[in-house]
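Undergrad: With the hints as your guide, set chain B onto chain A.
There are 2 protein chains.
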Amino acid sequence: MTTNTFSEIPASMRAIRLTDPQDKTSLELQEVPTPTLREGEVLVRVQAAGVNRGDLLQAAGHYPPPPGASEIMGLECAGVIVDAGSTNQQPGTPVGCLLAGGGYAEYVAVPEGQLLSFPSGWSPAEVASIVEVACTVVSNMQLAGLKSGDTLLVHGGAGGIGSFAIQYAKALGATVAVTAGSAEKLEFCRQLGADILINYREEDFAELLKNKCNVILDIMGAKYLDQNVRALAMDGHLVIIGMQGGVKGELNIGRLLSKRGSVSATALRARDLADKARIVADTERLVWPLLVDGRIKHQLHTTLPLAEAARAHELLANGDVTGKIVLSVA
Amino acid sequence: MTTNTFSEIPASMRAIRLTDPQDKTSLELQEVPTPTLREGEVLVRVQAAGVNRGDLLQAAGHYPPPPGASEIMGLECAGVIVDAGSTNQQPGTPVGCLLAGGGYAEYVAVPEGQLLSFPSGWSPAEVASIVEVACTVVSNMQLAGLKSGDTLLVHGGAGGIGSFAIQYAKALGATVAVTAGSAEKLEFCRQLGADILINYREEDFAELLKNKCNVILDIMGAKYLDQNVRALAMDGHLVIIGMQGGVKGELNIGRLLSKRGSVSATALRARDLADKARIVADTERLVWPLLVDGRIKHQLHTTLPLAEAARAHELLANGDVTGKIVLSVA
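Sequences listed follow chains A and B, in order.
In terms of UniProt numbering, the first sequence opens at residue 1 and continues consecutively.
In terms of UniProt numbering, the second sequence opens at residue 1 and continues consecutively.
If we strip away everything but chain A, and leave its shape as in the complex, we get (with noise of 0.2 Å):
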């Protein structure tokens, strides 16, 4: 135990592994080494996990965490500094945590660049189920440029990212379209402040839209491709962050020229260091004082404890969520 130390690190410690490469459902609570540290790097005690759909991508085989990221899940954590390593952080110290794995677990290994301080008011809970949403939305609105009086067309309005990104484009004073599945989780955005609502399965959103996009934030890749460029208005910019609908799409250069469009596609978990460590100042920046003030709410769908990882992968595989599911580690 250093002087950096919070309190005794035990050498092992129970974290979610995936015990049949075959099986995504095959998610246990197993006995594995507790995080060594490298350079730059601190220990945190996790209290509570976020669950994102590259988690359920990853215990399906599609999405192999980075070269030397942890091969455990979970992308984003709250919980205590036990050990600072080489870093000039306080043990104690409450932090949220981005993550390029290694959550679903009771210690994680942390690159100091990717801590975010506890917002006033909040929870564990509450804090492991806004990093990575908040990380996510801000980076990809910076890229596209999102300002006062634009249009935001959120596909997925109710899940983790879109609750955040209906919230965070308001603050900013854009106007919010967004697509759902029912009249429920319409009108769980509209209270989030959605200002335009699109039931998909009933309404074509790029004719209702057409040409009125300045940026489009999409989870659906190929099957929504054609209809986005159809709803961006000029110089709109397309970022697609999810390939629930597909990875090949046909794209209409033509169209996309005369609009002066931009289609970009971007994950945050491959990111080198240095990129997370600015994003994550950004996001602590621009997100933490609408935290702390109210505008920004946590949209907590459920807290579940970590033994029960598979059911939180089931929920969320459903569809049946707004918001997050967050695990409690004990």
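Be a bit skeptical, because a hint or two may be false.
[Stated by the list, open to error] With a cut-off of at most 25 Å between alpha-carbon atoms, the simulated SDA-like pairs for lysine to any residue come out as follows:
no.: 1; chain 1: A; residue 1: K147; chain 2: B; residue 2: W122
no.: 2; chain 1: A; residue 1: K147; chain 2: B; residue 2: L143
no.: 3; chain 1: A; residue 1: K259; chain 2: B; residue 2: D282
Read the hints as simulated data drawn from the structure, not as lab findings.
TA: Positioned in the frame of chain A, the structure of chain B alone reads:
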């Protein structure tokens, strides 16, 4: 004749008109009314007008002028201000002009924000050869964020856009790769400074440049879309400014996402006046010093009289052109 007027301006002038809308070669000099000035425009007596692929498309019926623009072809020219209209410009001043149309004529009305000075030592034909390519390349390299140390891939390196882009990117400190269809054209590109020369008839540029290109400036559209995405580096940006290889292409969003890549498609002509004024000002600031000190040289393939516009179009369409074709106006 007002005090702002340099010389007697005739009520009519000669200009190239398409006499048969079904025949793109029916380009003839005809007598038409001299343009009248709108607020903020000056009248320029044209000395030389650049020929661009957009003019070929317009003659073929595929690229109508934007609302409010002249029906006459010609997207750039050099000449002398003969009527300053409501502006503070000085009649008698030699200028280069970025145009939404109207250059294939003895006189053209030009928004003040689209005037450029004459670089010291440059002739009207030389200036007319560089305005459109310089504004196009500068605005697209700004969009894509090309910087020193980056690798830029330019398709059609021996053409007007290509020959300028090579020199501009080298001046910025980038490594430049080009494609062209013959050893002669590639040698021309090499002499302009290109570092990597690829004959697209013999080699697969996507294989040679896989994951290496920070920026790609493309004129082929659909035909090269998939290969271009393969060639992009991490955080790379593909900018499409022409669709000589078709309008609709398959976009591999998964591959784009794995690189956090962007695809933009742009055109200069339909931009609003404020946008064009900004681009013209940036181009004069960033490029004109390089024209004066010789780091960028004009690439004037040949000059033909205005009356031979049809022949100029035929030459450009046949593809045996390195650099630009300019029409001289007596």
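Undergrad: Need the list of violated hint numbers for this structure, in ascending order.
TA: 1
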